[in-house]
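Asks: Here the protein sequences come in this chain order: C and R.
Numbering of the first sequence is given in this note's numbering, commencing with residue 61 and proceeding in unit increments.
Numbering of the second sequence is given in this note's numbering, commencing with residue 8 and proceeding in unit increments.
The set of hints was computed from the structure by calculation and includes no laboratory data.
There could be a bad hint or two in this list.
Listed next, the in silico SDA-like pairs over lysine to any residue satisfying Cα-Cα at most 20 Å (straight line) [stated by the list, open to error]:
1. R:K44 - C:A148
2. R:K57 - C:T157
3. C:K74 - C:M149
4. C:K117 - R:K74
5. R:K44 - C:G63
6. R:K57 - R:A34
7. R:K44 - C:K117
8. R:K44 - C:K74
9. R:K74 - R:S30
10. R:K44 - C:H70
11. C:K71 - C:D146
12. R:K44 - C:Q101
13. R:K44 - C:T98
14. C:K131 - C:I86
15. C:K131 - C:R75
16. R:K44 - C:Y164
17. C:K74 - C:T98
18. R:K74 - R:S31
19. C:K74 - C:K117
20. R:K57 - C:D146
21. R:K33 - C:G160
22. C:K117 - R:Q8
23. R:K57 - C:H70
24. R:K57 - C:E161
25. R:K66 - R:N28
26. C:K71 - C:K131
27. C:K71 - R:S30
28. C:K117 - R:P98
29. R:K33 - C:Y164
Computed from a prediction, not measured in an experiment: that's the story for all the values here.
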Amino acid sequence: DTGVSQDPRHKITKRGQNVTFRCDPISEHNRLYWYRQTLGQGPEFLTYFQNEAQLEKSRLLSDRFSAERPKGSFSTLEIQRTEQGDSAMYLCASSVTGLGETQYFGPGTRLLVL
Amino acid sequence: QQPVQSPQAVILREGEDAVINCSSSKALYSVHWYRQKHGEAPVFLMILLKGGEQKGHEKISASFNEKKQQSSLYLTASQLSYSGTYFCGTPDQGAQKLVFGQGTRLTINP
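The whole structure should be built from the sequences, with the hints applied where relevant.
Replies: Structure follows, in C-alpha cells:
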C-alpha cells in the first residue's frame, strides 16, 4: 500500500509570495486532513475533506489559506501573501470513514518564510 | 480543548520502562497514539475506543480509562528505536478532526 505523499518536502519563500502544497492520500481513503505543526507542538487542525467536499475549516485559519480537493483524490493547500508566522510543517493525513478510523500522515512540507 | 500529556520529557536507559499519560477535561470517545521522530511525520501506533479493551503489541501497550478521561501508553524494556516524541490525539466533540496534546519527548540512551 502506498502511503500518503506530499510535495514539495521543503519550501523556502519570501514574505508576500504565494505557495501551494500538494497531498496525495492513500488510494480509496475518502477523508483528507490538513494540519500545521510548529516546533515543540502537536499537529494543529486546519481543514478536512470528505471526498471533494470541504466539511470543516479551523476558525484559526486566515482567509489567506485555501484548500481544494477537486476530484476527491489529491488535495492542494495554498497560502497567499505568506507571512513569517506561516513558517511551519504542513502535514496531510488521510483516513477511511468508519468506527475507530485511523489517520495516516504524510511526510509533511516544511515551509520557511523569510 | 487540548488533551494534557505528562510527563513532558523522559530520559531512560535502554531496557527501562516508561509510562506516558494523556488526560482530557472532556469526555473521551477514543484516543489515538502517535510517535514522531525528529523531522519526520507522526506514525500511528494504536487507537483505543470507548468500551474497548487494552490494546498493544509486543512491548508497547495502552489503556483507556473512560471514567478518569485519560489514557496511558506503556513502553516496556525500551529499545533505542523507541526514542521520539509521543502524541495523543482525541476527536474534537465527536468530529473527525483530532486535537493533539503537546507531546512527550522520550530519549533512550544505550
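Asks: So, against the hints stated earlier in the document, which numbers end up violated here?
Replies: 4, 7, 8, 15, 19, 20, 23, 26, 27 and 29
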